[in-house]
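Protein sequence lines correspond, in order, to chains U and H. Using the working numbering, the first residue of the first sequence is number 1, and each one after it goes up by one. Using the working numbering, the first residue of the second sequence is number 1, and each one after it goes up by one.
Honestly, the hints are just simulated from the structure, not real lab data. Everything numeric in this text was worked out from a predicted model, so none of it was measured. There could be a bad hint or two in this list.
Identical chains share a label here; the pair holds if one copy fits it or two copies do between them.
Okay, derived cross-link-like pairs now, DSS-like style, lysine-lysine, Cα gap no bigger than 25 Å in a straight line [as the list claims (entries may be wrong)]: (1) Lys-136 / Lys-103; (2) Lys-136 / Lys-146; (3) Lys-70 / Lys-136; (4) Lys-101 / Lys-113; (5) Lys-111 / Lys-6.
There are 2 protein chains.
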Amino acid sequence: MTTYKKRDFPVSDIRRFLEPGPVVLVSSAWKGERNIMTMGWHMVMEFSPSLVGCLISSGNHSYELVSGSKECVINIPTVELADKVVGIGNCSGSQVDKFKKFKLTTVAGDKVKAPLIAECYANLECRLVDGRLRGKYNFFIFEVVKAHAPASPKYPKTIHYRGDGMFMVAGRSLNLRRLFRPGML
Amino acid sequence: MTTYKKRDFPVSDIRRFLEPGPVVLVSSAWKGERNIMTMGWHMVMEFSPSLVGCLISSGNHSYELVSGSKECVINIPTVELADKVVGIGNCSGSQVDKFKKFKLTTVAGDKVKAPLIAECYANLECRLVDGRLRGKYNFFIFEVVKAHAPASPKYPKTIHYRGDGMFMVAGRSLNLRRLFRPGML
Chain U
1 MTTYKKRDFP VSDIRRFLEP GPVVLVSSAW KGERNIMTMG WHMVMEFSPS LVGCLISSGN
61 HSYELVSGSK ECVINIPTVE LADKVVGIGN CSGSQVDKFK KFKLTTVAGD KVKAPLIAEC
121 YANLECRLVD GRLRGKYNFF IFEVVKAHAP ASPKYPKTIH YRGDGMFMVA GRSLNLRRLF
181 RPGML
Chain H
1 MTTYKKRDFP VSDIRRFLEP GPVVLVSSAW KGERNIMTMG WHMVMEFSPS LVGCLISSGN
61 HSYELVSGSK ECVINIPTVE LADKVVGIGN CSGSQVDKFK KFKLTTVAGD KVKAPLIAEC
121 YANLECRLVD GRLRGKYNFF IFEVVKAHAP ASPKYPKTIH YRGDGMFMVA GRSLNLRRLF
181 RPGML
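Can you make the complete structure from the sequences, with help from the hints?
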């Protein structure tokens, strides 16, 4: 398993990891419980403050932990973790400690109590800032208050879910910087 | 330029195209004007009704057209259109007709007045269903009311924006269906 030497990463730049649309692992902790869920439905909503919208279904055990603690960590796995990502989505934290079951290493966060997952490429510590659409859509808006990512590789081999058991693995990079007007990057 | 022979596609299955997180082109029409914008911040929110959350900044000309008409089309381009996708993001529809400038072909929608872009791989006709977070976050929730996609290729070579002029091109497929519990696909 690759381990990453992470450093602080600017929270206003986390689009680099989230905007391409990878499946992520959301970790949470509340009242002595901890959990991980697999999440595919999320989006960047603002650079500064660094906002991310997420769909956490009320059927998930994590819904309670995130709602109660008003915090979570968005962890970005790479293709090496693909089997675990599926496994984590297949079982419920109400019955099993997923950190133990999937042999994942916790790291304490700087700003939230939810644990970071060491084996993931990047970790985004998040606080809930707007839950008004939680009841109707299970939609949470978080602010990324601290981000951890390695200097290298710059572009991780993330996995992107298509449904029906099929993933897309992040492919080649395409540099179109020359086509952008200054200020539009 | 590849042209696609499209057919009706089930709206509850559009995660196949949107969940991996591609950059999309949003087309709109209102009071004799039409426009296209490049959009990277979006997410699936529900299967049925088929809901998609989108960030359309009030600084964009499309914000007015979408807000006024309460409709749009989400068009999914592939890597062949990458230069146009950047060009569309570089200029404002208040000054130029982007369909003409970028030589894109309009197709009439079945359920909305906004035009579909023929050169895109798939087209999702959308109606605004919830705009309550529009004022604070420029956040729109649309329902996909009609979808058009070709039978082949099943997995398009979409492009995924990382910021700073860098895109990721959709890579290889990874079939992990065997690992899923029934009902979790």
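Verification of the supplied hints:
1. Lys-136 / Lys-103: Intra 35 Å, inter 41 Å, cutoff 25 Å: neither.
2. Lys-136 / Lys-146: Between. Shortest inter-copy distance 23 Å satisfies the 25 Å Cα cut-off; intra-copy 28 Å does not.
3. Lys-70 / Lys-136: both (18 Å within a copy, 20 Å between copies)
4. Lys-101 / Lys-113: For Lys-101 and Lys-113, only the intra-copy Cα distance (21 Å) is at most 25 Å; the inter-copy one is 52 Å.
5. Lys-111 / Lys-6: Classified as within; 16 Å inside a copy, 49 Å across copies.
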